[in-house]
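The chain contents come next:
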Amino acid sequence: MGTTALKAPKRSGIEATKQFVYRYGLLAVLGLMIVYFTVTQPFFGTFINAMFILQAASIVAVVGLGCTVSMTVGGFDLSVGAAMSLSIMAAAAAMVVGEFSGTVAILIGMCAGLAVGVLNSILIVYARIPDLVATLSSLFLINGLTLMGVGGQSVAKGMVINGERTQGEFTPLFKWIGSGDVFSVPASVVIAATVFILVTVLLNFTRWGRAFYAVGGNPVAAAAAGIRVARYRIAAYLISGGLASIAGMMLAARSNRGDVNVGDPFLLQAVSAALVGYAVLGANKPNAFGTLIGAVFVAALINGLTMFNFPYYAQSFVQGVLLVVALLMSYTLGPSRR
Amino acid sequence: MSIQEKIKNVALAPLVGALMASAAWADQIPLTVSASAPSEVPASVSDGGFKIAVVRQLNVGDVYQAWITGVQEEAEKLGVELSIFNADGDNAKQALQLQQAVAEGPDAIVIGWGFGDSLQAGLEAASAAGIPVVASNASIEASDSVTLVNQSEHLMMEGIMQQMQSDMGGAVAGDMIYVYVAGYRPLDLRDEIWRKWKDANPGINEVAQIGVVNANTAAETANQAIAALQANPDTVAIVAPYDEFTKGATLAIQELGLEDKVKAYGMDISTADISVMIADKSPWVATATTDMKNFGRISLRVAAGEATDAYEGNNLEIPPLVITRDDLISNGVTNVDQLGEAFPGLSTPGLALAPWMN
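Going down the list, the protein sequences come from chains A and B. Residues in the first sequence are numbered from 1 upward in steps of one, following the numbering used here. Residues in the second sequence are numbered from 1 upward in steps of one, following the numbering used here.
It should be emphasised that the hints constitute simulated quantities derived from the structure, not laboratory data. None of the hints are false.
Calculated cross-link-like contacts (lysine to any residue; reagent style SDA-like; alpha-carbon spacing at most 20 Å): (1) K51/B x T40/A; (2) K175/A x Q120/B; (3) K51/B x M307/A; (4) K196/B x V160/A; (5) K175/A x E124/B; (6) K51/B x Q41/A; (7) K196/B x A182/B; (8) K51/B x P311/A; (9) K51/B x L305/A; (10) K285/A x P219/A; (11) K175/A x A125/B; (12) K51/B x P42/A; (13) K51/B x F43/A; (14) K51/B x E81/B; (15) K51/B x F310/A; (16) K51/B x T306/A; (17) K51/B x G304/A; (18) K51/B x F44/A.
With the rest of the complex left out, here is chain A (with noise of 0.2 Å):
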């Protein structure tokens, strides 16, 4: 061990390039897409599109963000668009059903979130299954839950239940969330740019958000350096349900409905979007910063990509093409791991 550490490393070009790509690629990349489809699509530069970017990636961010937290103590919610939707429909269902105000529907949402969290960290942390397979059974019930608290039926304006036509509507404040904007920036990005900002905060400049790291990375030596281990992954799992709840009001807000299991498409793509992050800086783990990158790239891509009528298929290859690239560089490029 000792003599290895002493030896220099060899600082040949090849290994300053292969450094460079590990560090900068991916943003390179991101770079020179823009650029791209800014010379050749006039709209795509224009600040209103960009807006139209940000806003796409909004709610992916805000979900990938929760995902990184769970990440970071290593730990993995498969439960994030089960929480969103069982969010989407309590909400919706509080204003169209219960004819409740924009703020109690959001409150009610959002504990409907957390509740996923306490679920996971029950059978997490209490129950001892492992992450993937408790997640994996909350999203079933947390789904089926969701289901039959509407009867199978979407959540809209007029619905029927039971024979009776509901008369609560979406609130002007909920719907604010989707298309209001503070200073003509949307309302879903200055939500988002709030959420990163605040994880960021918390998993790079406070003592918590090294314990969480230092969870993750050995669980074992955490818990003897003094760190209570399982406090931290029930906060983890309490702020992935939280985030994919606040996610679930954008996305609601949005469509001014509560649609069917419209939420389980954003697990994965929150998941893409927390994986694209490890090669974001060479991080070579979930961070905030990386995971707020997958999500911005791929609206971006997709973004460009529609300006010239790639049909849909052709995106999700795309976009596979990019997680392919996003892993090489952290797993290949990246410090061989032992």
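Chain A is already provided as a structure; the job is to place chain B on it using the hints.
Same frame as chain A, now just chain B:
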């Protein structure tokens, strides 16, 4: 009041349905080619750069693929540049995409499926920007700036029920499984006719109502249908008025080997649907359809016409055709391209055709 509300109000009062329908839909005026429509290709089109944005809620599946193919063919014929957005069934995504389409400033916008509640902001922006919108098969209200293009859902459902009546030799009766999900305009409209038939024919015994709409509709409908068929062994028919439903129903009947006992009455048609229908012992005996490709073609044509002031009115209904399994087999039809030759009633080349489009 949304269209769905109006429809449901009408449905609540079947006795005065016809009367109320005409009152409630007063803001809908049948679309006709205007006498003052341009007869030469307008300069905005012939000069190039005439652009139509297509904003689709649903894009995965045979029906949607056929529809977009029709849109693309007609665009090529008329010299229109297309910009296509796909929302993958996510209404929030479609809402954002419609706003983006408006911001790009096309000459017209076609919405392929979608909900008025979700698209409100984008529709207002389009109206403010003076961009005509064509709502194709979408749950959106007609207005000065929004033109509706729909297949006649009522006539389609009426068509397959009449086919069932003639198959059963006059009296429609027996245990039936019905596939339906509320909240989708075409399905809601078909449901009105189903309820009308149930009321008029007490012999119809609806033993189960099943249905799910998601990315995996056919397979999940099949699972539900298998359970429902096993619970109700006397079932004689599955009424599944949407082709993903019908494919699911057909699969369920085949997996249980009930082809001789249970028939599936479906809706829509695509090449994949045809191969399911003409397969050996297929229980899918009849379907009602407008050719989806033709539907897409008409939708794009109406958008181009609206952008060149070619029409009066804001509502166009495409007439359907009932096609039986026997019709397909006797005509040797194996794909949608042959469908047009075998059933000339499907293509409606003169519909909404402005003089300049020839």
